[in-house]
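Build out the structure end to end from the sequences listed, making use of the hints.
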Amino acid sequence: MPFALPFDMTSLDLLMAIAAAATVLLYLFGTARLGGYLATLLHGAALAVTVAMGLDLAAGAGAIPSSLRLTVLGQQLAWTLDGLGWFFLLLTTGAAFFSSWYMAGEWGRVQQRARIQHGTLALNVLTMVLLLSAGDLLGLFIGWEFVSWAAFAMMIQAGGPATQAAYRYMLYALAGAMALFAAILVVHGAAGGFGFDQMRAALPDMSTGMLWTLFALFAGGFGVKMALVPTHLWQAPAYSYTPGASSAFLNAVSARMGLFALILSLVKLIGFDTLAGLRIPMTGIESTDILAWVAAITMVVPTYIALMQTDARMLLTWHGIGQGGYMLLGILVATPLGVAGGLLHVFNYATYQMALILAVFAVIHRTGTADLDELGGLITRMPLTYVALLMGIIGLAGLPPMNGFVSKWMIYKALIVTQQPLLSIAAFVGTLGTILSVYKLIHNIFLGQLRVEHREIREAPWSMTLPMLVLAGIGFVTGFAPGLALSIVDQAQAAMGVALLPHHLGGVVLATGSLNMLWVVGVLVGAIGVGALIFYVLGNRRFETHQYDNYAGGHFLSADIRYHFSHEFYPGLARVIGPWYRGWVVRMEHGLGVLAEVSGDLWHGVFRAAYTPLYVLIVAVLGLFWAGGAGGFGS
Amino acid sequence: MTLTAHHVVLPVALPLLVAFLLPLVGRLSDGLARLLAQLTTLAVAVIALLLWPAASDGGALVSAMGGFAAPIGIVFYADKLALMFVVALAVGLLLFRPRREHDSTKVQTLWLLLLAGGSGLVLSGDLFNIFVFYEITAVATYGLGASAHTGAGYGASLRYLLLSALGSAFALLGIALVYAAAGTLNLADLSQLAGERLTGPMGLTAFVLMVLGFGVKAELFPVNTWVPEVYTAAPTRVTAVLAGVVSKLAMVVILRLLVLLFQDPAALGFLLLLGAIGVAAGELAAFRSRDLHRTFAYSSIAQLGLMAVAFSIPGHAGVLAGIAVALHHLVVKPAFFVLADRWRGEIAGLTGAGRTSPLAAGLFVLLSLSIIGIPPLPGFWAKLMLFKAAIDAGGAGNLTAVAIILAATVIEAAYLFRVVGILYGTAPAGRPPLRFTLGELAPGLLLGAVLIAATVSVAPLGDGLTAMAADSADAAAYASRVLPGGN
Amino acid sequence: MKGNARAFASALFLIGLGLMLVTLFEALPFGGAPMQVGQAIAGRALEDTGATNIVSAVLLAYRGLDTLGEVAILFVAATAAGLVLGGAGRAEAQGTPAGFILRAAAALLFPFLLVLGAYIVIHGHLTPGGGFQGGAILAAAFFVPLLAHPASPVNHGVATVVEAFAGAVFVVIGLAGLVGGGAFLVPLLGAGTPGDLFSAGSLPLLYLAIGLKVGSELAGLMARIAAAGDPARQGGKA
Amino acid sequence: MIWLVLVTMAVMLAAALAVIGLRSYLAAVAAISVVSLALSVLFAILRAPDVALAEAAVGAGLSGVLLALTLRRVGLWTPAADDDGEDRP
Amino acid sequence: MTMDAEMLGKALYAGAVCLVLLGLYGMVVPRNLMRIVLGLVLLESGVNLFLVAAGFRADAAAPILTAPFTAQAAGPLVDPVPQALVLTAIVIGVGVLALGLALVVRVKEAYGTLDTHAVANRMARETGADPAVTAAGARTPGALPVAAGRTAEDAP
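Chains as they are written, first to last, in this note's numbering: chain A, 1 to 635; chain B, 1 to 487; chain C, 1 to 238; chain D, 1 to 89; chain E, 1 to 156.
A portion of the hints provided could be inaccurate.
The following residues of chain C were derived to be distant from chain B, with all beta-carbon distances above 10 angstroms [said to hold, decoys possible]:
(1) Gly18
(2) Val22
(3) Phe110
(4) Pro150
(5) Asp196
(6) Leu208
Among the chain E residues that face chain B by a calculated CB cut under 8 angstroms, a handful are [said to hold, decoys possible]:
(7) Pro82
(8) Thr88
(9) Gly100
In short, the hints are calculated from the structure, not lab data. Even for Gly, the Cβ is constructed at its ideal location relative to N, Cα and C.
In structure tokens:
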């Protein structure tokens, strides 16, 4: 241990103590003048402890135990943190640190109930620590319920539409939790206990039917949190109506808890080989193939929904669902390259998605709206936010200088190497959609015509721009030198029991072609540098035009005429994919609601009708008949 | 005065004595009558607590009435389970004393007789004696149900009376069959004879009839249509006690029948079926009800269905789960009804009520989380015990029951958090806010505190319940304690 | 469900229930049921309680708590009916006064009914009859004059006092057994010589208490339902 | 002895059928008293004197009176007032 | 067991079953609450008859000891316990009947009718609207928001 702890407290205990203290302190002193800084300090301490734990794990410690032990009603509950849990924990504490830093400044003071935002953020971190370090299935379920309800607490702050979105989320989350509860009960039935090792021991003699139900329940239960396709309707509104930094935290990390649990249950516990053995008879389709195709659809469909959004936050959150598909697809390829690609994408996504969301909220902070039709031309007014958003969308689209490219490249490579052409086509189509929609995002906010009322907009305060730029910087650095991030990914990959991917600072060395980002970025920067040199030094006859010099097609336009809209941004594409938007998933969801209402009315009728004596008579006769039958009449 | 086993009859005899004299005292002064009634209820609670240590070390206190030994005379059997429910009933009646406008000497008399009937129901060890005490409880419930003096109150109580009388006739037919088949009415004696006398069509028919009879008060599926009407029409404090405590007493009777007389898989299957249908019916109907009273009435039908499923699982794991669900519901439901007392009428009309009385809204959220079964609240541990027992017992019936309960939990969360959303909504201007006075909310807050205390001390509580369940699920121990030398 | 559909459905199920019950009862050995408890009691009833009417012995000694519960049920029903019908029945002027025959017969019947009721209550432990049957006859006895003279005010005061004390006596006798360290409702005061009036110890006292309680309660019930006013003249509200 | 039982039972079942069949409530209440009376005779035959006495005094006597009083109170005394008609909400 | 006693047993049980069935029919079919109460009385009489018949023994005497007052003198006795149970059951029946009739009186006074459906409808209307009673299809206020129809950005 890099630093000795006062008594026999392990570092995991220390982290739990910090998170718990943070929850209580921030709930009490969140709105105090120094509340924001206290929050940043506490989350920073948590991040530091996590990094220390990382170093400890890298030095070969198998897993970090916690002295928190509970035996309740004959069930032993223990908490230990391994590499996989540590990897997601790093993302959690990092995201919490950046969002609390963002809230520390002017943004925090503007909020009506900063106290609740700080408190729920710290509560989410605490619950995620408990989930990530769960030592057995029961601990996993309890942690899972805590995380779901903590996210619910975070979502209902804003009231109005946020409450409706949170209510809808709660229903989905609870349905998922009940599927998970059924799964751990099935395991308990087979293994006689909730322990991970008990489950592994009982796996060989489980019938294929039970394995299929276990697979379906785990994938379904955790898939809801990751908003895989049939259950994707709740995430966008829920995550975008949550105020400011909390939304960034939810986007960056909260959905990934589903991925962690999927990896834990399907890969670590059940294992790729058992899953490969599960085949649909006569068709050769494996269970992982089904989940891979769900991931593929989740990559494509939400991305093209994002394309149609007119609200910046909705656009980004719909993309969040799409990116989740990439991560799951990468991992399901089951080769070291694919798994490393998937996990790296989790890290990269967290960095650029958070930068993007924080940038969008900076725009909201200044202009008061996130509606793409109401914005435009802010590049001159908010240059730093523009830079952060630019680097973010390059990462989101997966283009070279940023880290997004590295992980997407690895996923494409893994798909191609393992001969899965259809899935790789889906990946490319997804990326195409992403590129189109991010351009719409940056064009409508920063480029084009500046609105009259936004003339005096000032840049967002340093307390908001600095976190964005640091995040974008991390994105660039890990893009430039992916080896740093890959060493973090190794911890998780080792804990998953998958062979490690040989890599160096610049990138990946493979028999089928290696990637060295040092060269790629070096050449790119060099080319841009030469181009800039030629453009600025040699051709210096620049003609200075101010933003309102709008001559278009021989017709003078005064400043107040609007010609900058996001409506019908891609008319051709809209016509092509228009017919696909029949919304049959929405109708399915609506159908479930109506089914519950109709059967409820049916039972109301039964309870209020005056036929009860007849019902009693019928049940008595059937009961006697059954009793007679069971007892053998006249025997 | 050292308490011997024979003092087990006091929780029944004392309230009866005072109830008989109360009309006389009431003629002198109403206040004195009310005070005397409450003192008696307190005395019963104290006696039950004093008897607890004697019951816990000796396993159970057995008292033969009139000095006549087991199969001949009537026997009172007070084990920890029974004493626990007697204390719960007494404390419930004290905590939810009828309000001034619904109170009179006659109501106080009915209150005491409900205490006597309820205590007798769980303490008695004789089948017909249980039927008599069940009738006392039932008739007291008809009276209390109509004590609101509204048309709806009279109508609901009448329909409940007719349904319960039909059930009681069935139960009496069942008891007659048992007596004709086995020749004795004492539960211990019957449990020994059950092996060869009560199996086959005769025993099962008796079981079906008795379940339909005692099921009326235990809110089992076909015979629980009275629940929404009576719980809505009766004064809310009466409903709190009925839903909270009295329905559990009837379920304890069904538990005794199951454990001692009918360990037959067909009988367990029948109860499981009724329980599962009850859970589904209760939750779906609650999802569609428009006022809080009806919602909580249907929710208590679902919880009792849960208990029926738990008790239908053979062995002490099922009994433990059932007792855990019963105790949890015993704390949560009355608190819910305390809230429903002030938040009357359409749920839609309650927008913003949570903001005017944040304490009440906070209590509502805590209770909802616990009844849905969110860790670490006790509701979760009760449901976990139920599911574990069902899965360990295996069988298609248990699995479908678990699936139904899991689906019902989602619906339960749907209608409870729909109300939370409305409570925290923004109140339309111009409507007087519904504000709780602390006095009104006190019983609810007390029960909320009990819930939190149970959350903290779930481990020791769990061990205590496990021991109690193991003891009350053991038919042989019951027979050996009651029958002299076990003939 | 339309009326006749419901009638048809219930008829169908009733026939099913009937068939099952009949085949079930066939399996019951008629007249030879294993009555070990019944025969044991029949054999030892005389020495234990001294009552020659074994049913009364069962009712008051062996299953005394049942009878206490029984009296409590009647008391609960009376109280609840009082609660529902509201207050003591203030018998305002009824409709048409009773005819001459009724008034004459009432005056004649009242003493006989009183004697008959008292006899049945007092000899409960010797000959068939007892508290319940005698109480019912006493209730009829007190109700007949009310039929004859509907206008006469019914004072519930006396009935309540009698009721309260009778019930209290029953429970006190029960508790007396408890004081001496014995069980509840132990038969006291020895068995006496079987057959004569003052035998069977405390059983006749219990039956006397029951007789008075049942009598006053049923009389009160009938008076309350009768006097609660005709629909034409709305009765007093609670 | 068997013939006595069969005759009493026949009377009882006929009266029971009358209770359900008759339209007028007063006649139905009278039929109830007849059922109780026949039942108490049956109990006497079955060597259960206490029960016979109780059934006669309480069943035929008091129940009959209570039911009749309620009929008068509820206005179902005369057949005309029988409102068995449907009442649509 | 003489043929005569066997016949008696069959007749008694059949009679008890018929009475129970008629009582049940009287409770299930009619719509007037008063008729249901009558059905209830019949049902309880049927159960009482069955109880007494269960305790009967053909060759035994009534459980009342006569002159020589010695248990052996009287010979085999009919089982006294079911008779005690029936006594209690009869008085329970009358108690519940009395309370039932009091409630019938009050319901008639409150609602003017004794038809179960009418009473049920008026009760539901009095204690707050019930979905089945209010206009069909009126949606409960906070029904599952999802069921509130498609929102703009929703898609497949």
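List of violated hint numbers, smallest to largest: none
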